[in-house]
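**Student:** As a plain string of letters, each chain reads:
2 protein chains.
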Amino acid sequence: MLRKKKFRPDWTETAPEAGTIRSIVKYGSPCAFKHPSDGWVSMMMEEFGMTAADFSRKQDEGRQKAVLDRPVSLDARHVERLKDIAGEHNVVTDDYSRIRYAYGKTTEELMELRTGIIKEAADVVVHPRDKADVARIVAYCNEHVIPVTVFAAGSSVNFGVRPARGGVTLALGTHMNKLLEINEANQTARVQPGMFGPAYEDALNNAPERFGTSRRYTCGHFPQSFEYSTVGGWVVTLGSGQASTYYGDACDIVISQEYVTPAGTFRTREFPAEATGPKVHDIMKGSEGAFGILVEVTMKIFRFMPENRKYFSFMFSSWEAAVDASREIMQGEFGRPAVYRISDPEETDRGLKLYGIPSFVDAFLVRRGYRPMERCLCLGTVEGDGDYTRLVLKKIRKICKDHGAMCLTGYASRKWEKTRFTEPYMREDLQDFGIQIDTLEASVTWDNIHAVHQGVRAYIKSRPRTMCMTHASHFYPQGTNLYFIFIMRTSDVDEFRTFQRGVIEAIVKSGGSLSHHHGIGRMMAPYLEGYLGKEQMEVLKSLKRHFDPNNIMNPGGQLGLDQA
Amino acid sequence: MLRKKKFRPDWTETAPEAGTIRSIVKYGSPCAFKHPSDGWVSMMMEEFGMTAADFSRKQDEGRQKAVLDRPVSLDARHVERLKDIAGEHNVVTDDYSRIRYAYGKTTEELMELRTGIIKEAADVVVHPRDKADVARIVAYCNEHVIPVTVFAAGSSVNFGVRPARGGVTLALGTHMNKLLEINEANQTARVQPGMFGPAYEDALNNAPERFGTSRRYTCGHFPQSFEYSTVGGWVVTLGSGQASTYYGDACDIVISQEYVTPAGTFRTREFPAEATGPKVHDIMKGSEGAFGILVEVTMKIFRFMPENRKYFSFMFSSWEAAVDASREIMQGEFGRPAVYRISDPEETDRGLKLYGIPSFVDAFLVRRGYRPMERCLCLGTVEGDGDYTRLVLKKIRKICKDHGAMCLTGYASRKWEKTRFTEPYMREDLQDFGIQIDTLEASVTWDNIHAVHQGVRAYIKSRPRTMCMTHASHFYPQGTNLYFIFIMRTSDVDEFRTFQRGVIEAIVKSGGSLSHHHGIGRMMAPYLEGYLGKEQMEVLKSLKRHFDPNNIMNPGGQLGLDQA
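From first to last, the protein sequence lines stand for chains A and B.
Here the first sequence is numbered in my numbering, starting from 1 and rising by one per residue.
Here the second sequence is numbered in my numbering, starting from 1 and rising by one per residue.
For the record, the hints were derived by calculation from the structure and aren't laboratory data.
Some hints could be false.
Remember, identical chains collapse to one label, so a pair may be satisfied in a single copy or spanning two.
[What the hints assert, rightly or not] Only pairs whose alpha carbons sit at most 20 Å apart, straight line, appear in this in silico SDA-like list of lysine to any residue: (1) K58 x E13; (2) K509 x R267; (3) K178 x G404; (4) K534 x E258; (5) K65 x S97.
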């Protein structure tokens, strides 16, 4: 064990060269890295039977220049017209842009890109300056039946930004990325859709200095992809943040939306509730660019009171006890935690090892009945008013103790918080050595959480030497979300794809939802009709025909609305 | 004053004779009455300049038999076929049923009915036994292009149940009124749409005895029409209960729906959240019978803990102070009250008079700076876990005090609770003497609450001798709902209609929503396109064409989807 720990692969520590595939594949800032810990390395060597030699040569690093073998298929006069609309500098057709703005961050597409497979590319990338540009572009493209796909932060994990039919890709993160207004009376913020999470949160935290407000605010929405996700993306994909148990999902936080569609431009009202028939505001949530383009959004904001935040963590002796306590917390009618997660036995044990739990602590835990591959870690935070956070924490402590849990102070929770956005950075390092880490998630109800957990785990573990770590996060009185992390050694994209699709099928077969917060895109699309049923799928198709009769909005399989 | 108080009109105290118009007009149980208090009488005499003589003769009591001047226009073979489907006894074509199941409870239609005006009537009333009956009836009616309108509890205040094109009216409250299942793990209840509020709440409160559950539950939804509203009605009209500030609106409480539509039958999933594209579950909320018929619904339920309920009431020195304190409470991030209302100065003062506040108490209030036609009453409850309700009440007290309010204990709140469902019973008495009491409501944001309040009040008060009492109820961090009660003396239905439509126009013109929880129906329908804009209205029309290509579902103006 000691010997293995000392071994440390030659992780890449330099920013990818400009213009290379690797610069497209790499997650996050080009200069930011988070390498697998020594614990990770020994775990992988052990699990996958790898030796130091296996970590000596990197494969498919994607160092090659991003070059396309196909010309722009869009007529030059269209490109010129787009330049008239959005400005010369905002319309590009270089190979790099055509690839960079065509890819999200699924394991599958990263594997392909690294090996030189480029399936889809935009014909032209436009960086619209404002919503008026978007309206003119959509009108023009509709008239000439040119596909329009939206790209914002590019962290899609479902092929949702892939320009399946080529055409125009609109990069909304370039210019349309501003916080336009804070309405302090209503506690809302009017935002451009391409604003990235950190810039948005920073502006809200510093609202007194930037907007002259009397208070500081928070957006309340912190998905793992926070650094590379946008406010508009949260809404159109039905995202959910790590603190959603308290603040709500993106669909709860958005209060009004403005869309440009081939069937016209509209803005929904900003009332917190209305009884005015079916709400177009609701209909557009989760439309994933297939009905139109979100060009402005009004979000609820919340008072920022980090001084009141409380951290907690507990160890349960079993998954069942952790689930039962969590249900009691969510149904207890005393308020809710913000972050709340319970890790299953495999995730708990791997986590303890990875974070280097001292052996005497482990021995202590075992003595107290918290045994390896049975015990489950729970961690989280409480946010809000100070008296409220004190009360909710007290209640959580009581319920956890009643369910046999041991309080571990807030240490694990604080530690988790520090790295909560940076886990995806490890993917480059792992892929350099042919190791794939991927995640899938599903909503569950309390009465089927165990069936889904067991069913999906059984499928994943049926593949030899495959790790499966699961946690529940995003809690509701009626259920939660199960998040499956699987890690496997393979460089064969076809094998990976088949296996990964098998996980999706295992989720649905065992009773989970097709997606809790990752959206549908093109990856889940083939399963959507089976999941919703033909009648509900026909409703979506009918809306598609209404908004987009020429099928130009993110065409080619998005949401399963047309043939991929 | 003393003289007037002694005078008491000869209120009707007998149940309406069976088969009469009055038995249709009367609100609630035939044998239940709630007469205006002596305070009410003196207030009306004073405001309307009425004398005892004006209260000596009742007008348009509707004692006549409910008789129709038109035959069933539906072909007899259709009626026979409906009998084959739903059973002989469940298909009726008598005049009384054709009228009774064709009317809601707007002031306008009650005025008309009393004077013998019967505008619309069903051709045949069917009492389906179950969802299979509904599916067969809808399929048959779709094939033969026969209009289908749904009637449940009949307390609609927007002409939403009026069979504008005749045809079949389905009375869902007769047989489809059962609580089918309580899922205690998920805290949900599966319910038939025609179950009335009290029966539903009673079953949940007594769930251990009736369903063998370990706990008692509450539905959390208590509209003023609770006694004469159904679970399905709450959902399809986007209702909101008096405790919505804590429990949420009907759209938040419903978790899954099953519909029969001409385009097929479907059931939405029961997950508390999903990122699976636009949700048909959302699309159907508020569809008001125009897309299809809700035949089963799964609702969130909540732990029933009346022992923890706290009552509070406060007096503020001004409407502005009451609004500011309320906003602070709703945005304070410490939890929320369940019931919460603030009455404007006119409602507060009339309320104090009506409830007979002793003059020494009034003098005391005035001395403390709470002056007539300035002061505002706030009342409410806190529900949930005991420690939680204590905390929330403490916070509310502190904020109210900081805004200059005086604590009045929970007395007013308890008093309000006792009669909260029975106010509508007074309408028969008032109408007997040509006095109309009506209400309209609107969502507002915090930054336009004063503009809407003043704008609508100005319109109502522009009519001489017209009372206008307003309160805010149903609160959110982003705004609230304004509820306008206007009382006027007129027996002229045309005058009333014109004035009442003027209130709607004043609401929208001053920036309120077209409806907060009364729905659209046919009354608001002519305003809907102007309110939503053409683009959003076209989305609803396109959904209508999808679900109901033959326009048989509640046709004739409902939601403004076809011509009235």
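**Student:** Identify every previously stated hint that the structure contradicts and give their numbers, smallest first.
**Tutor:** Structure breaks hint 3 only.
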